[in-house]
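Turn these sequences into a full structure, and let the hints guide you.
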Amino acid sequence: MGCRRGAQMEKPMHGSAIVPYLPLDVITEILAKLSVKSLLQFRVVCKSWCSLISSHQFVKKYLSQVTTSPSRLIMNPFGLVNDLTFYHLHDSIVVCESSIDFRIEESEYCVMGSCDGLVCVKECHHGMIFLWNPSTRCAKILPCTSEVQGKVYELGWKYGFGHDCNSDDYKVLTLSPEENTLDKMEYFSYKSMMYTLGTDSCRRIRDSALGCVFIDKSATFVSGALHWMADQEPSFTRVIISLDLTSETRVIISVDLTSLIEVPQPDYEYSSELAEVGASRVLDQIDQNPIYVGK
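Take the sequence shown: its position 90, counting from 1, is numbered 90 in UniProt numbering, and each next residue is one higher.
Not one of these hints is a red herring.
BS3-like cross-link-like pairs, simulated, lysine-lysine; straight-line CA separation at most 30 Å:
no., residue 1, residue 2
1, Lys-37, Lys-60
2, Lys-33, Lys-61
3, Lys-191, Lys-140
It is worth saying that the hints were derived from the structure and are not from the lab.
Here is the structure:
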């Protein structure tokens, strides 16, 4: 019987009773406008709906509609680890307040990045890195996790997570300080490991001695590239380090505050961390400094 109840129906034969019929493209358009929670529920309607909702083409269509929604700024105030406040990017109006219902037993975790509804999370005590889907509650531990575990100088590691539009795949980058720089406060040389979700494998990519001190531990993913704020030696000029996920090459971008847009900061008595800002590069707002946004 398949989806004969509440789903696509066969076209009526000539002279038979009229039977409700919705073409597949119409069903797809209707489903694409639903919430993630509703989609997860509708997967059990029938096999064809489950296959449609789980298909790569439908996921891409759904994500393309989500990314056209107004940009939002997600703030995570220090001291409120599991609480999130959502603001519109350009007017600082509170959209909603929410909480994270994800837990790692007897441990702490850090969000290293998010993209298309997937979240890259690092367990702080043992260094496990995994990708988590908050909608399905599914998590996948990265095979390169062993590279992080047991490292005394793990605090010097840097992370990045994003989507490679060329291969249509998700990648996680880990930067670990080279052994010969571990005795320095500034880690100028890094070993670069790239994890690819599609192949579930890690590989080493070209390392670079950038001559920069990273300010950000985790990258901001914007327009196909990972971005970290840094200070470049010898004058410690503020720059942005950008790594393109397709070519896997790095560039250093000079920061000109006069060309950026200042966004009013919400009135907090304590500092906040920036987690996501649509498709814009941002500078930090620690210690009540202004938030600067640039395309």
